[in-house]
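Please model the complete structure; the sequences and the hints are all you need to start from.
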Amino acid sequence: GEDVEQSLFLSVREGDSSVINCTYTDSSSTYLYWYKQEPGAGLQLLTYIFSNMDMKQDQRLTVLLNKKDKHLSLRIADTQTGDSAIYFCAEIRANTDKLIFGTGTRLQVFP
Amino acid sequence: GAVVSQHPSRVICKSGTSVKIECRSLDFQATTMFWYRQFPKQSLMLMATSNEGSKATYEQGVEKDKFLINHASLTLSTLTVTSAHPEDSSFYICSARDRSSGGAGTGELFFGEGSRLTVL
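Chains as they are written, first to last, in the numbering used here: chain A, 1 to 111; chain B, 112 to 231.
Keep in mind that the hints were calculated from the coordinates and are not lab data.
Please note that the accuracy of each hint is not assured.
To be verified - Cβ-to-Cβ under 8 Å is the rule here; a few derived chain A residues that face chain B: (1) 41; (2) 55; (3) 102.
Beta carbons: idealized from backbone N, C-alpha and C, even for Gly.
The structure is reproduced here in structure tokens:
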């Protein structure tokens, strides 16, 4: 199976919160990232968290890390239609720069 | 923030021809760059690690002779798809890290906007 797994789809109403989940397998991961990809475009870094942290907040975004369970989540508060995109979590293994991407979650925001 | 530029952003070629994609770090030096491939509606798959001044390191299952990578300088890596076929049609993305930002795995990777290759 995949090293980094995500649910494929998430649909939320505008104004609600979105929570996108990610599980990874390598406990040596040092950094964990969330990227956003809009249709036909490249990747936009949203936020990242260092493995010795359990939470990071950045405006509407909150990242939670449960290192014991190797579970990462991204919460988007007050979700807007412009948030509709594919969200990828990714991990960097220790002593490398190789990013291993999750399968991606397609977020759809409806009015 | 740092910028990574890819060129061309879109390219259409005939089957059997070769296509070169460039990845440039515009305002920083990158000892290492990475090439990813993304199939429609799928995740990014790491193809190879491009090392300045040395041979690229390819991931398992990636054909070295098919996907030629050259990292000629600290700001430029190129990916050449040789004898392209329709199954090579894909979205190719590069990334790079500012080598002054610290040791491996310590900082942000910057991504190019991607290059969409269509082989007819």
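### Query
Is the hint on residue 55 of chain A kept, meaning its closest Cβ partner in chain B is under 8 Å away?
Violated, about 19 Å.
### Task
Please verify that hint: residue 41 of chain A, Cβ, nearest Cβ of chain B, below 8 Å or not.
Holds, about 7 Å.
### Query
Is the hint on residue 102 of chain A kept, meaning its closest Cβ partner in chain B is under 8 Å away?
Residue 102 of chain A check passes; min Cβ-Cβ to chain B is 6 Å, inside 8 Å.
Of the hints listed earlier, the one the structure fails to meet is number 2.
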